[in-house]
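As you go down the protein sequences, you meet chains A and B in turn.
Using our numbering, read the first sequence as starting at 1302 and increasing by one per residue.
Using our numbering, read the second sequence as starting at 327 and increasing by one per residue.
Think of the hints as simulated: they come from the structure by calculation, not from any bench.
Nothing here was measured: the structure is a model prediction, and the numbers come from that model.
Hints may contain errors.
Which residues of chain B face chain A? A partial, calculated answer using Cβ under 8 Å [stated by the list, open to error]:
(1) VAL335
(2) PRO339
(3) LYS340
(4) THR341
(5) LEU353
(6) VAL359
(7) VAL362
(8) ASP369
Short, incomplete list of chain B residues facing chain A, as computed with Cβ under 8 Å [claimed, not checked]:
(9) MET327
(10) THR330
(11) VAL338
(12) GLU348
(13) GLY361
(14) LEU363
(15) GLU367
Yeah, the Cβ is synthetic: ideal placement off N, Cα and C, and Gly gets one too.
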Amino acid sequence: MSLLSDQDRQAVRERLSDIQQPVRLLLFTQTIGAPETALLARQVLDELASLNELIQIEEVNFVLDRDRAAQYGIEYIPSIALLSGDEDTRMRFLGAPAGYEFVSLIEAVVLAGTTDSRLTPDSRSLIAANVTGPLDIQVFVTPT
Amino acid sequence: MELTRKFRVTGVPKTIVNGSIEILGALPEDAFVRGVLGLPEADTPPQ
């Protein structure tokens, strides 16, 4: 059963039409003892992938595939790593991207599938002039 | 829960940069970028 109404599916499909290159979403979860949010995350991702053929979902077993979990710095489940083609965008979602966070996920997928950050020229100049090392940005939200 | 305790998150959205800089609430792009970079807020042009 679809999580979205037909009207919402159409709106999301239109937003995703900006995507120009394949986007892969790696969902890290586990088969036994996974939290309910892991199942919800899978449903959300399946719905998203059904709306644009450039979006691919791959489920990675957090317990059995520790090397890949380590490769992508995954410590919690469910977690989602976004790849632009085969390239790691370094964007991660922890927990189920449900509720309003579904919008954040859509925007992240569009970002991974395009080459334009849509930041203003002023923001780009500030970043270029001031970032001298890695930045780890964590945004805490609630899925409501 | 582990992360919310570690960073004392009691309201959202809350942004943590490199484990130390804290940004509370949803800000306009310029203010958010400056916050992430640890820069002072831009001067407000005189009215």
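Do the hints match the structure? See the list:
no. : hint   : result
1   : VAL335 : 5 Å, holds
2   : PRO339 : 5 Å, holds
3   : LYS340 : 5 Å, holds
4   : THR341 : 5 Å, holds
5   : LEU353 : 12 Å, violated
6   : VAL359 : 5 Å, holds
7   : VAL362 : 6 Å, holds
8   : ASP369 : 13 Å, violated
9   : MET327 : 10 Å, violated
10  : THR330 : 6 Å, holds
11  : VAL338 : 5 Å, holds
12  : GLU348 : 10 Å, violated
13  : GLY361 : 10 Å, violated
14  : LEU363 : 5 Å, holds
15  : GLU367 : 12 Å, violated
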